[in-house]
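Starting from the known structure of chain A, fit chain B onto it as the hints suggest.
Going down the list, the sequences are from chains A and B.
Throughout, my numbering is defined as the position within the first sequence, counted from one, plus 29.
Throughout, my numbering is defined as the position within the second sequence, counted from one, plus 32.
Be aware that one or more of the hints could be misleading.
Which bits of chain B does chain A cover? Going by a derived footprint, with three or more residues having C-beta under 8 Å, they are [unchecked claim]:
hint, region
1, 99-107
2, 148-161
3, 179-189
4, 289-300
5, 363-375
6, 421-432
Counterexamples of contact, computed for chain B against chain A with all Cβ distances above 10 Å [claimed, not checked]:
hint, residue
7, Gly-48
8, Leu-171
9, Arg-326
10, Leu-461
Please keep in mind that the hints were generated in silico from the structure rather than gathered at the bench.
Model, not experiment: these values are computed from the prediction.
Just so it is clear, CB atoms sit at the ideal spot from N, CA and C, and this is done for glycine as well.
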Amino acid sequence: MTEDERRQYEEQDKVDGLRRRDFLQILGGSFAALAASGCGLSAPREKIVPYADKTDVTPGLARWYASTCGSCAAACGVLVKSRDGRPIKMEGNPDHPLSRGGLCARGQASVLDLYDSSRLKGPLSGESATTWEQLDAAVVKALDEARRRGKSVRVLSQTIPSPSLDAAAAEFCARHGARRVIYDSASAAAILDAHRLTHGHAVLPRYRFDQAKAVVSFCADFLGAWISPVEFTKAWSSRRRPEKGQGMAWLAQFESRMSVTGANADLRAPLRPSQELAAVVELGRLVAKRLGRGEFAPSAGSLPEPVSRALESAAGRLAAARGEALVVSGSPDPSVQAAVNGVNELLGAYGKTLDIRHPSRQRQGLPDAMSGLIAEMERGEVGALVVFGANPAYDHPESARVRAALKKVGAVVVLSQRRDETAQLAHYTATAPHALESWGDAAPVEGTYSLVQPLIAPLFDSRSEIESLLAWSGRKTSAHDFVRELWRAKVHPRAKGARNFDEFWNEILSKGAVEVAPVEGPSGAFNASALARLRPARKPASDGRFEFDAYDSVSMFDGRQANNPWLQELPDPVTKVTWGNVALFSPEDAKSLGLENGRMVRLGSGDDAVDLPACVQPGQAAGTVAAAFGYGRPSAGPIAANLPTRKLLPIDFDPPGGADVYPLSRESAVAVAVLAATSPLARTQQYDSQTVPFTGQERPLILETTLSKFNDYEVKEEPGATLWPKHEYPGHKWGMAVNLTSCTGCAACVVACQAENNVPVVGKAEVRKSREMHWIRIDRYYGGDDAESNPTVGFQPMLCQQCDDAPCETVCPVLATSHSSEGLNMQVYNRCVGTRYCANNCPYKVRRFNWFDYAHDDLLQNLALNPDVTVRQRGIMEKCTFCSQRIYAAKFTADSEGRPLKDGEIAPACAQSCPADAIVFGDTNDPDSRVSRAIRENKSYRVLEEIGTGPAVRYGVKVRNVSEEKA
Amino acid sequence: MSHSAVSPLRVPLVDGGKDLARVSEDVCSPIEHGPTWMWYAAFALSSTVLAIGFFLVSDQIWTGIGTWGLNKSVGWAFDITNFVFWVGIGHAGTLISAILFLFRQRWRTAVNRSAEAMTLFAVMCAGVFPLIHMGRPWLAYWVFPYPNNMGPLWPNFRSPLLWDVFAISTYFTVSATFWYMGLLPDLALVAERARGLRRKLFRALSMGWDGSMRTWNHYEVLYLLLAALATPLVLSVHTIVSFDFATSILPGWHTTLFPPYFVDGAIFSGFAMVLTLMIIARKVMNFEDYITLRHIDAMCKITLATGLILELAYATEMFLAWYGANPYERFVFMNRLFGPMRWCYYTMLFCNVVAPQVLWFKRVRATPWLVFIVSILINVGMWLERFNIIAISLHRDFLPSSWVSYHPTYIEIGTLCGSFGLFFTAFLLFCRFLPMIAISEVKGVLGYARRTGEAVHGA
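Bound-form chain A, shown alone (with noise of 0.2 Å):
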């Protein structure tokens, strides 16, 4: 445009009285997000390798990649779909050696972290905006001013099993005579410390259940979010099918609430906390009288007769699994820690089912040095602290100490991808990349690397957090050249099998992860006398308190992800509860107490009291109360505040949902206060029976057997009598098995569905109504004879069951609903009317409907939408399509190569995701095909089979491996 043209328009501008200019600020304005990192959608400047062996880009195709999830320190491997240069899901890698293709929800959820428009921009000084030049300038300044000084430098973070990010931090320390502080909100200091009574070294074993026989956990929940939960699930769950011949491993959990783990035991016994060591040494005396053992240890204790008994039953199935048997606990108790170790010894489990010499990297945080670098900042001796992966002003039991003596650091240096608690009380902050746009790398144990690529440019002006470190110890490099050496040096020289660097590098690009030769750590040699003093570190309550557990649970953990509107709406696996935490009462307690579901209780007192609704939690033991950590953080984000995302709809605000526990958790017993307010919960099931209320008849929709008639078990077919032909399925026949026994109820399934299909949030005041618009959710029943104080569970993934004769399909007046020759119900979102008909209709209440336009007008947050997805419209209802887009891409890409389909090639978001691998998905035409073969071997039953709709959804009968005298 030339000169005299400009001018031109400008005047004609002044004219029209609207500057073109303002106009297209405002059109701007909409991508603003985007726009603020200068380059939008681009690719990373480094070259990246897919995984498949091609490396061309076709728009509209999507490109598969493979990584390692940054959500925890499990680090579990993933395959991240790219599509049009943007990561849009995140999947299980097969070929990662622990997680071996299974992604928990919030690891499937941390995609949509990427899109979070709420994430710092860019580097701050202060609250104001800075160059990343000017902040480097003036961290380096002030290191240099502290430690001229003569005053301390403290590098904080999180464990992060990260090689490279380990190097560059010991780079760093080196540089600037720092001292590196390592804390974890979710800590296993007990097991470290136990380790160090017992075995004289500081180590978090691996532990093996894909070796074990028999479990018994105390308080660990190891398929919910205990260390390493999918890695953990997937081993597991590979013992306990029965369908293979070779018997069903065993499980008891004793436990003061009820976890994921819990609810899968074949035996469970409430426990209180203060209970625990005398559980645990009881088990082992009577393990060792089994095993003609001498004492293990003086009893620690009288137990109840029900705990008494199930340790009975427990120590007898250790016993004779000698060798494949394996106690774990969650306990933050030392004591109880070693007296596990102590069981475990006897049992001859070190070197078979849990693992020192090649050890796990995680959680490896000690209480001390933190609470010694609190005491330092205190007392004014650290002259600038840098805190990266951790967000100690909230997620630390002592988070308000923390906060305060953050204040008396000369310099806190934050390295965040938000603008966290911690950030808030920075002096600098350098923003930080979501691990889809950095390079990184991770070993969670001895010998399992895997690596960190980006899978775009980074969409704010971030810096890796590897870069940042190396940055201020004076050395410019990318993170990429600095991993990639490091592999080069550290890595590569133990890989099995000699190959060139390049080619190496190339290949774990392409696939993920890779074992390499484990350096082995001592194994020490067990030291019985620790276990002759063993003192419990938690009392029972006293004076009507409660004794308190607070937990992590598998959707929020400890907080880090509290923005992310997947897991905020994601229900509790057990308690069913969306947006925020709850207090767990007993039913007893709660009839004691007068306490009823939305009752608002304050736990504590003082200070570090907190108001929380209160939730009647079956099997939950007496005179114990529970609450999930990682709510009520006060600068999570707009999404953990609950802020209505739309004003223009008419749906409450509601206040953010829970409360910070982390302070309460330094009490071992907390005073319980009923209030008079109510909050009613946002709970997806309301009821939690299979037996129903007046006619007391027990629903068949969960069929259990045991593990000894499993083989004699049949299912009875009874499809009832009918007027209309049978359809004609002439090529494929879609079906699904899901396999009640294995499935844990961890939710995985629910955020990888609602990543795939653009499923929306509705939001706590919608989930109130019951408005969830999840496509697949987990139905959970307790039962038992013992449904209140300790019941059994049944977990039931409830999809849309695809129908033969779909009582849906008959009913929509205009079509919208209808049947495809490969068994499909189809649902037509652009033909529906929106009359609700079919849902009524719907034996299974599968179908959901868009009661409102929901919210998409966070433009960033759009991009992790799924382009092979409609995004619906309000006022038309909508279902599980078995992943419709998924088969026509397979089929699409088996035509255009010329073959048959592949049985297995199809994989729905929900059967791909999940870590126990208790969805298979395939043609039941075919009687050799997977499913095939999983509904006929898992003695697979319909639901509701009776009133003749024709599932094609098969659930394999749930088998309890429980002894015959209590089946």
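Chain B in isolation, oriented as in the chain A frame:
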């Protein structure tokens, strides 16, 4: 004018010793001299309620069905309850005008016009709900089998909702035709009596009625034929409406009892509504000589009879839930009796079963305000009956995991009120601008049993 064939026990159908001119004068009075203050008061109230309802419905269409209290399990509640309720109301009008005509029940002449008008307005009210309950009401025309270039894509002829579309549109068309045909002689009469615009308007509306014997002859034949055509609709429309539920698989809906049960309930509720309206109208419009206590008495007897049939249906439903041994069905009924919304069921039982029993007493039937109370209770009870069937069956069905509660929002309640606003506004406009009583028919029965009646009653 004497009818010597009438038994001396018969009583006249019209009180007050009216002559032919007087009838015309009385019935045309609201048209010619304007209504009473009570009409204005009633109109102000009903049109206000209508306006509020209109506003609420607009808001709901603008923002979404989410403004209602429905949820993942309860997909229908107030909306379809209102629909079934209003369709049911309409049935009494058709029964009075068509079936009683065929059965030569001459007392119907005083009430048939307004009962038919009631039918029309009730069907209009009913028709609103299937439209506005849709998620995307702007695409409602897709339910009609119109030629299109989408394939062509026809509606789903297997869907009971589509059958509803045909049933309701047929019903409305036939009822409107029947009603309008019956109006023709009276429209001509009003035109004759009027001047100016009204004369021109009514002349045009009367479609050239000339009062000749030939015209009367055609009219009588046509009226008889239309009555015969409308008669099966009394049975078919609510039968088809009941198919919405009966052909589904939901326990509490899926039952073969529904067609007769619904038809009877419709007539029951319809007569209650006719009673409500007539007891007000005869007072407000000064028609007590035409809509006499004997009319009320007769309608009370029909209400009582249909009410007894309905009670049999309730009992049958309960018996079969137990006897049928279908655990899901049994639970639904136990849930009605003992579940969280049991008060709906008990209120319904009181209104529909207990309250109508007072109609056994002649003294009650002769006391309009008592009958009025009973009729209101029946209206409430019949609305609750549909709510029981629809919402309470849905809120706890097969999978206990999906059991939810349901709470209506003010929008739903306001929309229900608004439908009453629409109904009464339309009815009041009809009272004001059209002859509310079939003048020509009343004149035909004016002399009926007059002499014997006078002898017996001395009035």
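To see whether the hints hold, each was checked on the structure:
Note: the region 99-107 of chain B has 7 residues with beta-carbon separation from chain A under 8 Å; the three-residue rule is met and the coverage holds. Evaluation of the coverage hint for the region 148-161 of chain B: breached, as 0 residues show C-beta separations to chain A shorter than 8 Å, against a requirement of three. Taking a C-beta to C-beta cut-off of 8 Å, the region 179-189 of chain B contributes 4 residues in contact with chain A, enough for the three needed, and the coverage statement holds. Counting residues of the region 289-300 of chain B whose C-beta sits closer than 8 Å to any C-beta of chain A gives 0, which falls short of three, so the coverage hint is violated.
Given as covered by chain A, the region 363-375 of chain B passes the check, having 6 residues with a CB less than 8 Å from a CB of that chain where 3 are the minimum. Requiring three or more residues with a Cβ within less than 8 Å of a Cβ of chain A, the coverage given for the region 421-432 of chain B holds, as 6 such residues are present. Remark: the non-interface label on Gly-48/B is consistent with the geometry, its nearest Cβ contact in chain A lying 52 Å away (cut-off 10 Å). Distance check on Leu-171/B: its Cβ comes as close as 5 Å (rounded) to a Cβ of chain A, failing to clear the 10 Å threshold; non-interface status is violated.
In this structure Arg-326/B is separated from chain A by more than 10 Å, as the shortest Cβ-Cβ distance comes to about 45 Å. Its beta-carbon lying about 31 Å from the closest one in chain A, Leu-461/B satisfies the requirement of being farther than 10 Å from that chain.
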